[in-house]
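Turn these sequences into a full structure, and let the hints guide you.
Chains A, B, C, D, E and F, in that order, give the protein sequences. Quick note, the first sequence lines up with residues 1 to 136 if you use this note's numbering. Quick note, the second sequence lines up with residues 1 to 136 if you use this note's numbering. Quick note, the third sequence lines up with residues 1 to 136 if you use this note's numbering. Quick note, the fourth sequence lines up with residues 1 to 136 if you use this note's numbering. Quick note, the fifth sequence lines up with residues 1 to 136 if you use this note's numbering. Quick note, the sixth sequence lines up with residues 1 to 136 if you use this note's numbering.
Please note that a few of the clues may not be correct.
Sample of chain F residues facing chain A (criterion: CB under 10 Å; computed from the structure) [to be verified]:
| # | residue |
| --- | --- |
| 1 | HIS10 |
| 2 | ALA13 |
| 3 | ALA14 |
| 4 | GLY32 |
| 5 | GLY41 |
| 6 | ASP80 |
| 7 | LYS82 |
| 8 | ASN85 |
| 9 | TYR124 |
| 10 | GLU125 |
| 11 | THR126 |
What the hints contain is simulated information worked out from the structure, not anything from laboratory work. All C-beta atoms in this analysis are idealised placements derived from N, C-alpha and C, irrespective of residue type, glycine included.
Protein chains: 6
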Amino acid sequence: MKVTVSRKAHFNAAHRLYRKDWSDEQNNAIFGKCNNPNYHGHNYELIASVTGEIDQETGYVIDVKILKDIIKTEIEDAFDHKNLNLDVEEFKSLNPTAENIVIIIYNKLKAKLESNLELEVTLYETPRNFVTYSGK
Amino acid sequence: MKVTVSRKAHFNAAHRLYRKDWSDEQNNAIFGKCNNPNYHGHNYELIASVTGEIDQETGYVIDVKILKDIIKTEIEDAFDHKNLNLDVEEFKSLNPTAENIVIIIYNKLKAKLESNLELEVTLYETPRNFVTYSGK
Amino acid sequence: MKVTVSRKAHFNAAHRLYRKDWSDEQNNAIFGKCNNPNYHGHNYELIASVTGEIDQETGYVIDVKILKDIIKTEIEDAFDHKNLNLDVEEFKSLNPTAENIVIIIYNKLKAKLESNLELEVTLYETPRNFVTYSGK
Amino acid sequence: MKVTVSRKAHFNAAHRLYRKDWSDEQNNAIFGKCNNPNYHGHNYELIASVTGEIDQETGYVIDVKILKDIIKTEIEDAFDHKNLNLDVEEFKSLNPTAENIVIIIYNKLKAKLESNLELEVTLYETPRNFVTYSGK
Amino acid sequence: MKVTVSRKAHFNAAHRLYRKDWSDEQNNAIFGKCNNPNYHGHNYELIASVTGEIDQETGYVIDVKILKDIIKTEIEDAFDHKNLNLDVEEFKSLNPTAENIVIIIYNKLKAKLESNLELEVTLYETPRNFVTYSGK
Amino acid sequence: MKVTVSRKAHFNAAHRLYRKDWSDEQNNAIFGKCNNPNYHGHNYELIASVTGEIDQETGYVIDVKILKDIIKTEIEDAFDHKNLNLDVEEFKSLNPTAENIVIIIYNKLKAKLESNLELEVTLYETPRNFVTYSGK
Numbered sequence: 001m002k003v004t005v006s007r008k009a010h011f012n013a014a015h016r017l018y019r020k021d022w023s024d025e026q027n028n029a030i031f032g033k034c035n036n037p038n039y040h041g042h043n044y045e046l047i048a049s050v051t052g053e054i055d056q057e058t059g060y061v062i063d064v065k066i067l068k069d070i071i072k073t074e075i076e077d078a079f080d081h082k083n084l085n086l087d088v089e090e091f092k093s094l095n096p097t098a099e100n101i102v103i104i105i106y107n108k109l110k111a112k113l114e115s116n117l118e119l120e121v122t123l124y125e126t127p128r129n130f131v132t133y134s135g136k
Numbered sequence: 001m002k003v004t005v006s007r008k009a010h011f012n013a014a015h016r017l018y019r020k021d022w023s024d025e026q027n028n029a030i031f032g033k034c035n036n037p038n039y040h041g042h043n044y045e046l047i048a049s050v051t052g053e054i055d056q057e058t059g060y061v062i063d064v065k066i067l068k069d070i071i072k073t074e075i076e077d078a079f080d081h082k083n084l085n086l087d088v089e090e091f092k093s094l095n096p097t098a099e100n101i102v103i104i105i106y107n108k109l110k111a112k113l114e115s116n117l118e119l120e121v122t123l124y125e126t127p128r129n130f131v132t133y134s135g136k
Numbered sequence: 001m002k003v004t005v006s007r008k009a010h011f012n013a014a015h016r017l018y019r020k021d022w023s024d025e026q027n028n029a030i031f032g033k034c035n036n037p038n039y040h041g042h043n044y045e046l047i048a049s050v051t052g053e054i055d056q057e058t059g060y061v062i063d064v065k066i067l068k069d070i071i072k073t074e075i076e077d078a079f080d081h082k083n084l085n086l087d088v089e090e091f092k093s094l095n096p097t098a099e100n101i102v103i104i105i106y107n108k109l110k111a112k113l114e115s116n117l118e119l120e121v122t123l124y125e126t127p128r129n130f131v132t133y134s135g136k
Numbered sequence: 001m002k003v004t005v006s007r008k009a010h011f012n013a014a015h016r017l018y019r020k021d022w023s024d025e026q027n028n029a030i031f032g033k034c035n036n037p038n039y040h041g042h043n044y045e046l047i048a049s050v051t052g053e054i055d056q057e058t059g060y061v062i063d064v065k066i067l068k069d070i071i072k073t074e075i076e077d078a079f080d081h082k083n084l085n086l087d088v089e090e091f092k093s094l095n096p097t098a099e100n101i102v103i104i105i106y107n108k109l110k111a112k113l114e115s116n117l118e119l120e121v122t123l124y125e126t127p128r129n130f131v132t133y134s135g136k
Numbered sequence: 001m002k003v004t005v006s007r008k009a010h011f012n013a014a015h016r017l018y019r020k021d022w023s024d025e026q027n028n029a030i031f032g033k034c035n036n037p038n039y040h041g042h043n044y045e046l047i048a049s050v051t052g053e054i055d056q057e058t059g060y061v062i063d064v065k066i067l068k069d070i071i072k073t074e075i076e077d078a079f080d081h082k083n084l085n086l087d088v089e090e091f092k093s094l095n096p097t098a099e100n101i102v103i104i105i106y107n108k109l110k111a112k113l114e115s116n117l118e119l120e121v122t123l124y125e126t127p128r129n130f131v132t133y134s135g136k
Numbered sequence: 001m002k003v004t005v006s007r008k009a010h011f012n013a014a015h016r017l018y019r020k021d022w023s024d025e026q027n028n029a030i031f032g033k034c035n036n037p038n039y040h041g042h043n044y045e046l047i048a049s050v051t052g053e054i055d056q057e058t059g060y061v062i063d064v065k066i067l068k069d070i071i072k073t074e075i076e077d078a079f080d081h082k083n084l085n086l087d088v089e090e091f092k093s094l095n096p097t098a099e100n101i102v103i104i105i106y107n108k109l110k111a112k113l114e115s116n117l118e119l120e121v122t123l124y125e126t127p128r129n130f131v132t133y134s135g136k
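Structure below.
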């Protein structure tokens, strides 16, 4: 019996969409106002969903406090109140679109979970725009 | 690496559940107060979720502004502040249940997306009642 | 010690903004797409907030079940799944703007509350548009 | 054409995480403050999602009023304003973790649905912690 | 220039509405299913709103981190994962209605704020039922 | 009969809390991680609440489309996808705390409203932190 356990978290960050190897014109044409060189920002909301068998002893798939701590250490401490482009190693050469951010988050969390657990991550950039990745 | 990009939108509309080929008694028995001949209405909330490969150039699956514009042109302009039964061609001979509305929305949006993108649509009729369709 | 006790409720209704004594041109100029002659509709969300002294015996200002029942009888049974213009007596000669609806709701609820209780009503027409009235 | 119809519901309950066959030390080590012998509680939010073919006559997969009534009879009447450990038969010998509760809810609802309908249940223990089960 | 600064917080607790000096019949008649002797529970959501002059040096009325810490120490540490009737001193002889809880919370927070700051507290017992107190 | 009409809006922006006339040590001591020199950001949610008499002709206090347009021109166009410290004139010499931002927003909106209308502005910096100002 596989159950999915989900935990919400959040971080506030600045970012800018652009590619260093593109001209200003090309960056503006593709990324529009998201390309503001002075940055803009978001309250990112994150849902990490872990699927696995229930441990018959504890009744847990994963102790949600452990999941909460992994999210805090791997994501919140690394991304919260940061400039994603300037302060976060992974985005120094990777454009921080929501799609790219959710993959980075997935990879960081997946590495800390037991290998028999499946993971899906949903990232809200705004209440109306969000992305989902499950490693497929 | 496939990521799902979701966009929320909304429209306000009147509707009535009934079949022209049924008697009033039959319509009342099946559709109850949703069969009010003077109509009632909803703030419909819509989530369009598009799944595809990330473009390695842009870091986008689909530019969410493009998705937003497709939803506006295809759905909001057609359904917002309308009477679904009287003003919307698709429901002149189709009962506008949430199930039927979500399929019409799916078909209209799918036709405007590149064919390699998958689509799932969720439609909230009220905050407590919603339906989901992904073309399967 | 005065405490405010609030209860949320909701109803789904169709309506149309217009005045019978105005020309079509005037109605369209002022009310725009809200003037669709075939109606549109909303999930109205309602908050009734009752302020008064705490009863030292019960620890209640008002039993929220009593408040819930008054809202059901006075508002939900009268407005839910209705066409406000056609089915609701109060709006047969009163334009059902959010402002006018919230005053009608206030008056109907106030009449059923003990006279020493103050009332404020907030009515959401959409998640982004709402009105508040407290009898002043 | 398969559509998923979802209905939200809720119940308020007390519970405590512990195993009778474990020592106090072991219960505290695993369940922490959730093991308070005097109980704590939650506003549980429930989403029951039913997937099936649309009935071509009615335009319904399932009449959401029927789904609402099944949830009320099977879950709300049984769990609301109860102590899950003491008042609910299923948890007298089963630790009421969110994972175990969602499986019990799934089994109770599934037994009342027509066998050709698929079911998924999501249970929010708090706005930030939730679990999902679909019988797999 | 007075600005109000608000901070949301939450705690999960069990409780029971009853008076020791009333008979079981009287408790049941007034408090209904909230009188379950085995307790039920809620995810209480709390908003503490502090009003005062902006400090011209910092641009703060109150550093929201300080407000967050006061709420944590005074309310969350005292009430979270507790049985209000059994574990919280203030409710050993006071019926834990939402009205009485919000007054206790107000008094505890007010005592820790500088005296020139006004306070209003809103407490959600469920998403549909909430109370507000501002010391008047 | 005075009614309050409220409209929600939002903008995404980067900012940094600091004073140019303070040392780095002093800025860090007071503003902590909000003082990141590379900025961080938020999805700011805004509620503008306008109070006045109902126009007996239209049934409106203010046409919410007019209010929406004023918010768009004055606030969204000026603040959205901007760096508040660098791109917005008002904050070049004013620390963009939530308190200071809400006062600037109030002043900008108030100047565009008819003088007999009262205004209150609530600004959410995050879903858990918000401020309110009404010109008093």
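Outcome of the hint check:
no.	hint	verdict
1	HIS10	holds (7 Å)
2	ALA13	holds (6 Å)
3	ALA14	holds (4 Å)
4	GLY32	holds (8 Å)
5	GLY41	holds (1 Å)
6	ASP80	holds (7 Å)
7	LYS82	holds (6 Å)
8	ASN85	holds (8 Å)
9	TYR124	holds (9 Å)
10	GLU125	holds (8 Å)
11	THR126	holds (5 Å)
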